[in-house]
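Q: Each protein sequence line maps, in turn, to chains A and B. The opening position of the first sequence corresponds to residue 102 in the numbering used here, with each subsequent residue numbered one higher. The opening position of the second sequence corresponds to residue 102 in the numbering used here, with each subsequent residue numbered one higher.
Just so you know, not all the hints are guaranteed correct.
One copy or any two copies: either way a pair holds, since identical chains are not told apart in the list.
Calculated lysine to any residue pairs in the SDA-like style (CA-CA distance at most 20 angstroms, straight line) [what the hints assert, rightly or not]: (1) LYS685 to SER198; (2) LYS685 to GLY127; (3) LYS195 to ASP687; (4) LYS195 to GLY694; (5) LYS312 to VAL105; (6) LYS266 to ARG296; (7) LYS104 to LEU317; (8) LYS685 to GLY353; (9) LYS110 to GLN187; (10) LYS299 to ARG288; (11) LYS685 to LEU191; (12) LYS266 to PHE284; (13) LYS299 to ARG325.
No lab work stands behind these hints: they were computed from the structure.
Chain residues, written in single-letter form:
There are 2 protein chains.
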Amino acid sequence: MTKVQTLEKMAKRLRIHSLRMTTRAGSGHPTTCLSMADVAACLFFQEMKFNRADPNDPLNDEFVLSKGHAAPILWAAYAEAGIIPQESLLDLRKLASNLEGHPTPRMPWVKAATGSLGQGLAVGVGLAYAQRLSRSPARTYVLMGDGECAEGAVWEAANAATLLKLTNLCAVVDINRLGQSDFTMHRHDVAAYARKFKAFGWTAIPVDGHKVDALLRAFELARRSSRPAVILAKTIKGKGVSFIEDRNGWHGKPLKEDELKSALAELGDMPAVDGRRLVKPRSGKRPAAPVKRFDFVRTDYKDKTATRWAYGQALLSLGRINQAVVVIDGDVKNSTYAEKFFEAFPERSFQSYIAEQNMVGMGIGLAAKGYIPFLATFAAFLTRAHDQVRMAGYSFSNLKLCGSHVGVSIGEDGPSQMGLEDLALFRPIPGCLVFYPSDANAAEACVEAMASHKGLAYIRTTRPATPLLYEKGEAFPIGGSKVLRASADDRAVVVAAGITVFEALKAQEELKKAGVNVRVVDAYSVQPLDAVGLRHHTAECGGRVVVVEDHFPAGGLGEAVAGALAGISRIVHLCVRELPRSGKPDELLDAYGINARHIRQAVEGLLPK
Amino acid sequence: MTKVQTLEKMAKRLRIHSLRMTTRAGSGHPTTCLSMADVAACLFFQEMKFNRADPNDPLNDEFVLSKGHAAPILWAAYAEAGIIPQESLLDLRKLASNLEGHPTPRMPWVKAATGSLGQGLAVGVGLAYAQRLSRSPARTYVLMGDGECAEGAVWEAANAATLLKLTNLCAVVDINRLGQSDFTMHRHDVAAYARKFKAFGWTAIPVDGHKVDALLRAFELARRSSRPAVILAKTIKGKGVSFIEDRNGWHGKPLKEDELKSALAELGDMPAVDGRRLVKPRSGKRPAAPVKRFDFVRTDYKDKTATRWAYGQALLSLGRINQAVVVIDGDVKNSTYAEKFFEAFPERSFQSYIAEQNMVGMGIGLAAKGYIPFLATFAAFLTRAHDQVRMAGYSFSNLKLCGSHVGVSIGEDGPSQMGLEDLALFRPIPGCLVFYPSDANAAEACVEAMASHKGLAYIRTTRPATPLLYEKGEAFPIGGSKVLRASADDRAVVVAAGITVFEALKAQEELKKAGVNVRVVDAYSVQPLDAVGLRHHTAECGGRVVVVEDHFPAGGLGEAVAGALAGISRIVHLCVRELPRSGKPDELLDAYGINARHIRQAVEGLLPK
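Throw the hints in and build the complete structure from the sequences for me.
A: In structure tokens form, the structure reads like this:
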């Protein structure tokens, strides 16, 4: 049997599995599996090299199924490769099974959750960049749908691959010309895709996506390309089953039992091929793992310092002892102070330009290979990558994000530049830590905590310089809080974080002069929140709480505290309740009701008359 | 004086204004104003036609400053055109002034807030499409920065313009080769931009961006193009002032007083030109305003119906009486049921394919021209357009969004397809309404309320069919709630919305059988929340509240209720507290703790032992 014949048989096996699995599950996307079956057979059983026993072998070629709805054929390929039992395929989409409707890293071979289209290429850029950083000879393959090429995120990633000259990256577009609701934008106009990819600096290789020999040649060409390469595979959705081939209306629809019978009759018997013997083992010298230490030397701060400056400084110090730290910028490194790291470690720094989606997508790929990516931009602009951040959470990714320039305290640039909804973006993401330090020493401690924590973490930094409140080396545990002012007769708690901590301290002084003692708590760990501590303080302070934050009302510190203290406290929530204007920071803190004056009034309003 | 000489003088006036304004304000981006001064002079004082007296004249050519940080020169152009007083320019960035650091529609000539880069082109597509829909002969101009061309959103919009054959759209890229922190990706490689735009179906016109005669010819070519046209203007950042020309490190930096003096000495005296006389008046027949009615005929529902189906049905009914309604889809119209509108009103429907950012950006443009755009996709995928949604809010846009397939109740497709953070996305946006109907009649009423409300509004719809709870024609006021079960001796309130309303009703029945009466409230208006009603019910029901929602813990209904009831109730918050898996809807509601069984247990836990 020739190689081509063997792979054709494997493709048929993958088709049969995909149809059976989805019919059994009663839902799923069989036709999109059928269009890519020949590509999948060539990739998993000829082109890619990997160690079947270890999904984390650094020499493995990596694979991203960007069109995540084709999950059944991915599971089928793993089963054929002997990675998961063939019987498990019939558990597709069951609650107890890791064979989910769209891939997540609950299956350890899956390096990033997919299913939100257009994200896989950026993840692939991150994986391929990680392979290069670790001097691995391995390659990365990304299988995309044609429909998802309408997503702008694809073109951000295409730029990044070109900038990084990732010749170890190969994308395949499964051009089956049918989307979910209609024909795709370019239908079978393969040349239209080629023009776009070429304009973005790629080698484009058109091919009949159902011809195994042509596909193998295309992969060969891609391997030899001096640019990132994309294989444009012209295919038929539903290929192999006449009554569903190339028809609209069959996107997310399994065959009924009787339809399955007809389909299987058409495809013929399951051919006898042992996929386990076909898998190509990885080769080369196993790269050394980078040294990872987190106990970096803290800076001696003497004067007022912006937390964003301390963030950059901490990255620099961390980078000196931790080879796994990688930094990506979105053309604001001189504002977030990521530039400190860029200057010291250019080989572990990447300028992603103004392309936040790519920055986060690449980060997911890097983190999946054991790197610790730190990404920063203005908090306002992380909203551009909300979907990627969400998918990073769903991927249990070890990604670290920094949003700088939060709140009205940035001043004159106006609302488009103010991060006023970032806490509401990050707090819902499962498992995501959220820090909001008030001074430089706190910021450095938070960076250390983020780095050593395994999982998604976010830090919010402030534009203006703020006074020092804490000693160098002070501990800021995850889920903790700091009591900055307390007395035995405190009559209210003021909960603040970041810039408003200083307003709370001013209010405390003024209130004290007026004979009213209040406790001031710095809730630097917004998530997890120190609910136990806050309940304790609330009980000690007459059940009166003022929360003050430089954020819109919903989803931030105020609601977090309200949730934690439900039933045991009266709460006044000071926050930005309308769209702010340009102005000076102090003017804005006053105009939008979050400065010392408003805090004092809020406390006074809570006290019994 | 020739036309060219006059425009050169105007460009110099704009340069002088921009420098003075930013030095006076003490912040801002003068160098990016200087690179585009010649383009701005040509645009505002020769190429564009508009009625200086009316920013909403439908015959006006429209302008979007996508590179919003160049706001000073936009304000300067308005002043030169006699639209705002020249003296007002020195109020740039003051709290009381509408001359903000980045443009917002507080200045009525600004049709969309900009400053989050890469968004202007999609807004321009929406404006140009609106002009065509209203049969206006007017054109739309979008001025972009070169750095923002790295944003994927630009390429989504480029596709849309080509699909719509918008020959009335002209983009200009100010290629000054310097970003904020560094050189841009393509520096002065104008051909690289040309290749990309051509591959996306545009006419690309390279030009020296400081030569007025060449610019006027380029605009002429653009007007004659049979495709959307982009003028690629090669420019120098800081042009006209030798010591800041083409230098890194001058991005967001005003000149100091002495530097300003040198710069003005170099530029020479303010030339004498009266811009008011140069503005070209708009021409043509004023198009008729579309008929806008909102009281559409409600559907007679008899059986279980999915709220997403009712959403589509309501759009169809609304479209019949309201000519301003326009619908955009992201290749899921057969799932959101927007397809009902597409079939009936193809001329007011647009397939944006899988490009959510473009969908929202276009919507902002359409809404700015008096249309009422309804956009729908899976709620999960609206996260892709969070930044655009945010900017829609900051634009006070009359945009209507629908997120379908929310929560674990979608079942087997898995977490990437479940909208579990959409409430946290929409609730913080200032002025945004958030509806979450439980049955088909409620869904239709919510669509009516959204359409007639002037402002941003969001509706969350459910995948599975749900039983009918309400009568046809029942009123669902903004900020209201519905009491579905109540008795004189209710011992707790269960607050639910959407799918969990039915679980609450089941729990109520079971509890009643066990001798415990509870009140069931349908909080269909998640924002504004019926805080007064909820406080009343809480007081009547012993201060015990269970909130149950198909959403992650942060930023949703639970925290909204906790905020509203702080101090007066004990609250148990049932919600999805971990990353869900694939499974059957009922299994998932149980596994993640939000079905009747869990509600009953929560109520029992709150009761005194």
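Q: So, for every hint listed, does it hold in this structure?
A: For each hint, the structure was consulted:
In this assembly of identical chains, the alpha carbons of LYS685 and SER198 lie at most 20 angstroms apart only when taken from different copies (12 angstroms versus 55 angstroms within one copy). In this assembly of identical chains, LYS685 and GLY127 lie within 20 angstroms of each other by CA distance solely across copies; the values are 10 angstroms between and 59 angstroms within a copy. Taking identical chains as interchangeable, the C-alpha atoms of LYS195 and ASP687 lie at most 20 angstroms apart only when they sit on different chains, with a minimum of 12 angstroms there against 55 angstroms within one chain. Taking the shortest alpha-carbon separations for LYS195 and GLY694, only the inter-copy value of 18 angstroms comes in at or below 20 angstroms, while the best intra-copy value is 51 angstroms.
For the identical chains of this complex, LYS312 and VAL105 are intra-copy neighbours only, at 9 angstroms inside a copy versus 61 angstroms across copies, given an alpha-carbon limit of 20 angstroms. Both within a single protomer and between protomers do LYS266 and ARG296 lie at most 20 angstroms apart by alpha-carbon distance, with minima of 19 angstroms and 19 angstroms respectively. Taking identical chains as interchangeable, the C-alpha atoms of LYS104 and LEU317 lie at most 20 angstroms apart only when both belong to the same chain, with a minimum of 10 angstroms there against 62 angstroms between chains. In this assembly of identical chains, LYS685 and GLY353 lie within 20 angstroms of each other by CA distance solely across copies; the values are 16 angstroms between and 53 angstroms within a copy.
Within a single copy, LYS110 and GLN187 get their C-alpha atoms as close as 17 angstroms, which meets the 20 angstroms cut-off; across copies the closest is 77 angstroms, which misses it. Taking the closest pair of Cα atoms, LYS299 and ARG288 come within 20 angstroms of each other both inside a single copy (19 angstroms) and across two copies (19 angstroms). When the C-alpha separation of LYS685 and LEU191 is checked against a cutoff of 20 angstroms, the pair qualifies only between copies, where the shortest distance is 15 angstroms, while the shortest distance within a copy is 62 angstroms. With identical chains, the CA atoms of LYS266 and PHE284 are at most 20 angstroms apart between copies only, with a shortest distance of 18 angstroms across copies and 33 angstroms within one.
In the homo-oligomer, the alpha carbons of LYS299 and ARG325 lie at most 20 angstroms apart inside one protomer (16 angstroms), although the nearest pairing across protomers, at 27 angstroms, exceeds that limit.
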